[in-house]
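Line order of the protein sequences matches chains A and B. So that you can map any letter, position 158 of the first sequence is 158 in my numbering, and since no number is skipped, the others follow by simple counting. Heads up: take any position in the second sequence, counting from 1, add 273, and you land on my numbering.
Some hints here could point you the wrong way.
Claimed, not checked - Distance windows between CB atoms, simulated:
#1 A:K272 / B:I454: 42 to 48 Å
#2 B:Q536 / A:A52: 20 to 26 Å
#3 A:A176 / B:E341: 56 to 62 Å
#4 A:K272 / B:E500: 41 to 47 Å
#5 A:N223 / B:K437: 43 to 49 Å
#6 B:Q536 / A:K29: 34 to 40 Å
#7 A:S128 / B:L303: 55 to 61 Å
#8 B:K438 / A:G182: 36 to 42 Å
#9 A:E172 / B:L303: 43 to 49 Å
#10 B:G532 / A:D95: 51 to 57 Å
What the hints assert, rightly or not - Only pairs whose alpha carbons sit at most 30 Å apart, straight line, appear in this in silico DSBU-like list of lysine-lysine:
#11 A:K168 / B:K471
#12 A:K168 / B:K505
#13 A:K207 / A:K117
#14 B:K438 / A:K69
#15 A:K9 / A:K272
#16 A:K249 / B:K441
#17 B:K438 / A:K165
#18 B:K342 / B:K505
#19 A:K69 / A:K209
As the list claims (entries may be wrong) - From the structure, some residues in chain B lie toward chain A, with a derived Cβ separation under 8 Å:
#20 E299
#21 A301
#22 L303
#23 K323
#24 V418
#25 Q421
#26 P424
#27 L429
#28 E432
#29 V435
#30 I443
#31 E544
None of these hints come from the bench; they were simulated from the model. For glycine and all other residues, C-beta sits at the position ideal for the given N, C-alpha and C.
What follows is the residue order along each chain.
2 protein chains.
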Amino acid sequence: MPSNREIAKNIGVFDSGIGGLTVVKELAKLLPKETIIYFGDTARVPYGNKSAATVTKYSFQNTRFLVEKDIKLMVVACNTATALSLGLLQESFPDLPIIGVIEPGVKAALKSSKNAKIGVIGTAATISSQAYNRALRQSERGVEVSVQACPLFVPLVEEGWVNKKVTKLIAEEYLAGMKRIGIDSLILGCTHYPLLKKIIGQVMGKKVKLIDSAQTVAQAVKNLLQEEKLAKTTGKGECIFFVSDVPEKFISVGQQLLGEKIQQATQIDIEKF
Amino acid sequence: MPSNREIAKNIGVFDSGIGGLTVVKELAKLLPKETIIYFGDTARVPYGNKSAATVTKYSFQNTRFLVEKDIKLMVVACNTATALSLGLLQESFPDLPIIGVIEPGVKAALKSSKNAKIGVIGTAATISSQAYNRALRQSERGVEVSVQACPLFVPLVEEGWVNKKVTKLIAEEYLAGMKRIGIDSLILGCTHYPLLKKIIGQVMGKKVKLIDSAQTVAQAVKNLLQEEKLAKTTGKGECIFFVSDVPEKFISVGQQLLGEKIQQATQIDIEKF
Chain A
1 MPSNREIAKN IGVFDSGIGG LTVVKELAKL LPKETIIYFG DTARVPYGNK SAATVTKYSF
61 QNTRFLVEKD IKLMVVACNT ATALSLGLLQ ESFPDLPIIG VIEPGVKAAL KSSKNAKIGV
121 IGTAATISSQ AYNRALRQSE RGVEVSVQAC PLFVPLVEEG WVNKKVTKLI AEEYLAGMKR
181 IGIDSLILGC THYPLLKKII GQVMGKKVKL IDSAQTVAQA VKNLLQEEKL AKTTGKGECI
241 FFVSDVPEKF ISVGQQLLGE KIQQATQIDI EKF
Chain B
274 MPSNREIAKN IGVFDSGIGG LTVVKELAKL LPKETIIYFG DTARVPYGNK SAATVTKYSF
334 QNTRFLVEKD IKLMVVACNT ATALSLGLLQ ESFPDLPIIG VIEPGVKAAL KSSKNAKIGV
394 IGTAATISSQ AYNRALRQSE RGVEVSVQAC PLFVPLVEEG WVNKKVTKLI AEEYLAGMKR
454 IGIDSLILGC THYPLLKKII GQVMGKKVKL IDSAQTVAQA VKNLLQEEKL AKTTGKGECI
514 FFVSDVPEKF ISVGQQLLGE KIQQATQIDI EKF
């Protein structure tokens, strides 16, 4: 085990914006003694409509920033960044365990599905990367995978329209194909989508299990820390927040996703990393 | 007249992404002999949900890039960037005439309105900057100004949902207040919105004039070039495109806004400027 990890203390988490706070919420619940360093790239959000090259460049800048913050493990809490750059990050930072949001969601869906018909919804970039299809098809069971990009879901969440009639109409349009195919498990492949769980559940019906990867990611982090004996056993945990745009909106909107008050967030110049 | 403008040949235009191509289209129509250098910040789009400080930083980087391209005049073809940074750009580049998209739209609305009730729609950043309200209230006539942020319009246009039922429902929700007030002129304060003209027109009714600033901006540019004797009188014009993300999507989607084929766009690293 490399020396920098032996003395490193923190868990790093990055996302394109505020969505990754749903992962932080679950991490804090499951690992209350850990210090979590969160970076939200609010000056360049969203990632879901950008190219693989640009998202990868941003992911490396975000990682270099977090590496300076004494981290022992990093979570890529953004589906687009995981789909487009997780492999490259793992190759380039071999001493740092890096966990993405796709694999835990895929494992949970494979476990949940009885009829082997699994759906995945995400941003345009996540879906066109085919990262979920590839991961689901590596399973020994033959699974039928149905995917759908839902580019309007993130702006609808950010507008706060999570219970509106138009949001349900848009969800009906996006999800019609999956309903016809008869999937029994649907991966919410974007950290914003858990906030639309109610409407997505109404559209898909009670028999379809919605897979929210935030919980499964937090469990994967806990398992890894325990296996590698990196878990903190004493002390009181905390969350420290960094953003690339001014922090006011992050603080006010982020509280809804985190489920508790954000006291402070510090703005940094991510383009320098 | 400063010497760099005497020999400078081109018109610079920047926007957060593809929306500014509606301005390029009108410029090319009105000034067919000019060479237009366009920069679309596709790696950091959108600007409308970001802070004044971040949008201003991006606007300065974009301007420094264009200044190296031998320009005699620059158009800020993005309402958010105009609202948040036009004054600072003009102060910092005193030798370069810089035209934004707000003033020409305001002048056209004041000319169009008979009942002195004018509406403005735009991104969250444009509306909260109050730049339109300030400009409209400088008029000698007392005008009643009604403003509304429409954050879902840009993603709806980028999704291509310009004729959908849900888009009309969303427009009805956003525009209900303005209809009640009885405005007779509505400024489309975002370069994406002209693509929703049909639906916005249906919702507002035939008596409300929709002000599309692309045409009025192009006229303002033509007037200024002629006044300052900077207009080209010979040769064949062309448009040269630069973007910050990979060019493929810009080329395919941009053609709809420009109304003609985009042969090529070159990717640059805007963070270096």
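Here is how each hint holds up against the structure:
Distance hint check for K272 (chain A) and I454 (chain B): the Cβ-Cβ separation is about 47 Å, which falls inside the suggested range of 42 to 48 Å. In this structure, Q536 (chain B) and A52 (chain A) meet the distance hint of 20 to 26 Å, their C-beta atoms being roughly 24 Å apart. Range check, A176 (chain A) to E341 (chain B): Cβ separation about 50 Å, and the 56 to 62 Å hint is violated. Distance hint check for K272 (chain A) and E500 (chain B): the Cβ-Cβ separation is about 42 Å, which falls inside the suggested range of 41 to 47 Å.
Checking the proposed 43 to 49 Å range against N223 (chain A) and K437 (chain B) shows it holds: the Cβ atoms sit about 44 Å from each other. Hint check: Q536 (chain B) to K29 (chain A), Cβ distance near 54 Å, so the stated range 34 to 40 Å is violated. Checked against the given bound of 55 to 61 Å, the beta carbons of S128 (chain A) and L303 (chain B), roughly 38 Å apart, lie outside it. Remark: the range hint 36 to 42 Å for K438 (chain B) to G182 (chain A) is contradicted by a beta-carbon distance near 26 Å.
Between E172 (chain A) and L303 (chain B) the C-beta distance comes to about 44 Å, which sits within the given range of 43 to 49 Å. Between G532 (chain B) and D95 (chain A) the C-beta distance comes to about 53 Å, which sits within the given range of 51 to 57 Å. With a C-alpha separation of about 24 Å, the suggested pair K168 (chain A) and K471 (chain B) falls inside the 30 Å cut-off, and the hint holds. Between the alpha carbons of K168 (chain A) and K505 (chain B) the distance comes to roughly 53 Å, so the proposed pair goes past 30 Å and is violated.
Between K207 (chain A) and K117 (chain A), the direct Cα distance comes to roughly 13 Å. Compliance with the 30 Å bound is thereby established for this hinted pair. Between K438 (chain B) and K69 (chain A) the CA atoms are separated by roughly 49 Å; this puts the pair beyond 30 Å, and the hint is violated. Only pairs whose Cα atoms come within 30 Å are accepted, and K9 (chain A) paired with K272 (chain A) is accepted, the gap being roughly 24 Å. Note on K249 (chain A) and K441 (chain B): the hinted pairing holds, with a Cα-Cα distance of about 29 Å set against a maximum of 30 Å.
Of the supplied pair hints, the one linking K438 (chain B) and K165 (chain A) holds, its CA atoms being roughly 12 Å apart against a limit of 30 Å. Under the criterion of a C-alpha separation no larger than 30 Å, the hint pairing K342 (chain B) with K505 (chain B) is consistent with the structure, at around 17 Å. Annotation: proposed proximity of K69 (chain A) to K209 (chain A) is violated, straight-line Cα distance about 37 Å (limit 30 Å). For E299 (chain B), the interface hint is violated, since its Cβ never comes within 8 Å of a Cβ in chain A; the closest pair sits about 26 Å apart.
For A301 (chain B), the interface hint is violated, since its Cβ never comes within 8 Å of a Cβ in chain A; the closest pair sits about 27 Å apart. Hint on L303 (chain B) is violated. Least Cβ distance to chain A is approximately 31 Å, over the 8 Å limit. Taken as an interface hint, K323 (chain B) checks out: its beta carbon lies about 6 Å from the nearest beta carbon of chain A, inside 8 Å. Among the interface hints, the one on V418 (chain B) is violated; its C-beta lies about 23 Å from the nearest C-beta in chain A, farther than the 8 Å criterion.
Interface restraint check: Q421 (chain B) against chain A, minimum CB-CB distance 13 Å, threshold 8 Å, status violated. Taking 8 Å as the C-beta contact cut-off toward chain A, the hint placing P424 (chain B) at the interface holds, the least distance being around 5 Å. Proximity of L429 (chain B) to chain A holds as hinted, the smallest CB-CB distance being about 7 Å (cut-off 8 Å). Because the smallest distance between the Cβ of E432 (chain B) and any Cβ of chain A comes to about 5 Å, under 8 Å, the interface hint for this residue holds.
Taking 8 Å as the C-beta contact cut-off toward chain A, the hint placing V435 (chain B) at the interface is violated, the least distance being around 13 Å. A distance limit of 8 Å between C-beta atoms decides the matter here; for I443 (chain B) the minimum to chain A is near 5 Å, and the interface restraint holds. Because the beta carbon of E544 (chain B) sits about 5 Å from the nearest beta carbon in chain A, less than 8 Å, this interface hint is met.
Violated hints, listed in ascending order, are 3, 6, 7, 8, 12, 14, 19, 20, 21, 22, 24, 25 and 29; each of the other numbered hints is respected by the structure.
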